[in-house]
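**Q** Go ahead and model the full structure; you've got the sequences and the hints to work with.
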Amino acid sequence: MIRLRYPFTMECGVYQTTYEQDLALHPTPLSAWRGWVLVGLLFLVPVFLPTYYLSILNLVVVFTIAALGLNLLTGVSGQISVGHGAFTGMGAFTVGFLMKHGLSFWLAMPLAGLTAALVGALFGLPSARLKGLYLAIASLAAQVILSFFFLRADWFTGGINSMSVMRPTLFGYSLDSELSYLYLGLTLALLLGVFAQNLLRTRMGRALMAVRDRDLAAEVMGVDLFKTKVMAFALSAFYAGIAGALWAPYVMIISPDQFDFHLSIELLAMIIIGGLGVVMGSVYGAAFMTLLPILVRELSTLLMPIFPSIGGKLLLLRDATFGTAIILFLVFEPEGLARLWRKVKDYYRLWPFSY
Amino acid sequence: MSDGLGFFLNLSVNGIVVGALYALVALGFVLIYKASGVINLAQGEMVLLGAYIGLMFSTSLKVPFILALVLSIGVSALVGITIERVVLRPFIGEPPISIIMVTLGLSFLIKSVIHLIWGTDLRSFQGVFRSEPITLGPVAISEVFLYSLVAALVLLAVLTAFFKYSILGIAMRATADDEQAALSMGISVKRVLAATWAVAAMVAAVGGIFLGNIAGVNPLLTSYGLKVLPVAILGGLDSIPGAIVGGFIIGILESLTGGYLDPYMTGVKEVVPFVVMILILLVKPYGLFGKEIIERV
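Chains C and A, in that order, are what the protein sequence lines are.
Using the numbering used here, the first residue of the first sequence is number 1, and each one after it goes up by one.
Using the numbering used here, the first residue of the second sequence is number 1001, and each one after it goes up by one.
Hints are computed from structural coordinates only; laboratory data are not their basis.
Predicted model only: the values in this text are computed from it and were never measured.
It is possible that part of the hints are untrue.
[Said to hold, decoys possible] Below, in silico cross-link-like pairs of lysine-lysine (BS3-like), each with a Cα-Cα straight-line distance of 30 Å or less:
#1 C/227 to A/1284
#2 A/1284 to A/1269
#3 C/313 to A/1062
[To be verified] Label pairs and their in silico Cβ distance ranges:
#4 A/1124 to C/344: 52 to 58 Å
#5 A/1180 to C/339: 27 to 33 Å
#6 A/1121 to C/294: 27 to 33 Å
#7 C/301 to A/1124: 32 to 38 Å
#8 A/1120 to C/173: 43 to 49 Å
#9 A/1121 to C/159: 25 to 31 Å
#10 C/155 to A/1124: 38 to 44 Å
Where is the CB? At the ideal position from N, CA and C, for every residue including glycine.
**A** Pasting the structure below:
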């Protein structure tokens, strides 16, 4: 295909004339280049960062993967799940269980993803009959039941005694530094993110969105509702499982209370704050939700000399900002950080003719 | 054999009284759903808030219990109106995910505000109810349980009458049925929704005060907010009698599984209601008494 335009232009409107252009991953050659530069920076910059920032980035990466999964389910196909914390836990405990029995991490991780996908599909079955609020309640039940299972199934999870998981090794080199683990996480997150972005351009992705927008219309157009919904649950739980599988060896000690209702809510908050149905939104949301408690902590250490009692109220402040952030985003920017970022970009792209 | 029967009866009675408390909490939940189609996941926090307000009047300000109950119902109504006005108003007609998330955000906010004001220590109402149990044949039941049961039944009667005969109650039902039609009939939907949250907060306060009398007041009370979901689903999300009957059924079920199965599997009684809930959702999503209008896929 001949590109007549100057390769470094930016689009200032929609000039697509074919479906291929509409479906393209990168609308302009420049955006493709920018993507590659970003990937390069992602892998280059961490080398120069201190360990503390690397540990934050590691968490962001883990939550990004889990949020990506939930976003595929809730944002793209419109099925609400309040049980993703449990699916993440399923992945984490499976990887721990398999590694304890001598399986290599590289085999255990995909298996953990698949186990989570299976459980996700199982608890996605009610979506065949329920939607909206009712489905959300059903997934809440899934969370409660799985939490109970994690706590009781000593043979699988170690129960209340928690479980220790070893860091994986690659070609005899153990990934026990923050940097090496970050590279593992980044690679996985990139692969899964690109997969998600590409999925949205396929038949399957369009089917998911059709189900979200109007299930009846989707069915009339030949989308198999049941299959699509259960697929969405399985895929999304797979992402959550992989996130759990990445998380477990990172923190090295996992216990059932890490994967309770609270985690499910945090994941939901991530995709709401980041942007529903937008792949990059999961990244922004995960980063926001990881940074928020850290910022609260830093801020309260700063204020410590003025209000000495603030140290004991840290948890409380964190919860309060968490709740307030959710409410404020829902009221003022329901489409989340992704939309805010797009607005900023649009402002500069269209400047000075922003109408 | 009669010992076994006594055990069973004791468990059942215990289940009934716990069920009455569930019913009290579930009522507030059902009210909000009935009038606005919102599932309020902050119900547990509203219960806790009610309990603390009651505690403040009854213990700190030394107001007689009945007066304290009335006063805290009043204050809770104001809190309910404020919550609706400040937080829920922009969400009229928004998709379920936004509403679920906003009530979750609200629950975090309320919980931390409570924490900030009252701390997390276990506090108790002192000397409101006698601690000696009343024995009825083979079963023993403490006074506070009996009064909770009475309170639940009185509220049931009052609320049923309210929805059936009062103008505001009918307006609430109309709003729940069809917001647009209600608007065109001259009903102020905003005012109706504010009233709904006020009533729900009042019911939550009653529930919270009785719960606080039984187990003491501390943030663990909020767990009732999630526990009543199975109750509401079983009874039908939009049915007031359903909330009461569902409360009793879940209460008895929980008590029986606690008595018979817990020795083998600790904590199973916490999960059984949720298992039941999933089954009900699959078989009869509108519950025992709910209106059969929910959209099936």
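**Q** Hint by hint, note whether the structure agrees.
**A** Okay, the hints, checked on the actual structure:
With a CA separation close to 22 Å, the supplied pair residue 227 of chain C and residue 1284 of chain A stays within the 30 Å bound. A threshold of 30 Å between alpha carbons decides the hint, and for residue 1284 of chain A with residue 1269 of chain A the separation of about 22 Å falls inside it, so the pair holds. The hinted pair formed by residue 313 of chain C and residue 1062 of chain A meets the criterion: a straight-line CA distance of about 29 Å does not exceed 30 Å. Here the CB-CB span from residue 1124 of chain A to residue 344 of chain C is close to 54 Å, well matched to the stated 52 to 58 Å.
The supplied range of 27 to 33 Å is met by residue 1180 of chain A and residue 339 of chain C, whose beta-carbon atoms lie about 29 Å from each other. Between residue 1121 of chain A and residue 294 of chain C, the C-beta spacing of about 29 Å keeps the proposed range 27 to 33 Å intact. In this structure the hint that residue 301 of chain C and residue 1124 of chain A lie 32 to 38 Å apart at CB holds, the actual value being about 36 Å. The beta-carbon spacing between residue 1120 of chain A and residue 173 of chain C, approximately 46 Å, falls within the hinted interval of 43 to 49 Å.
Under the hint 25 to 31 Å, the C-beta atoms of residue 1121 of chain A and residue 159 of chain C, about 29 Å apart, fit the expected range. Evaluation of the 38 to 44 Å hint for residue 155 of chain C and residue 1124 of chain A yields a pass: the beta carbon distance comes to about 41 Å.
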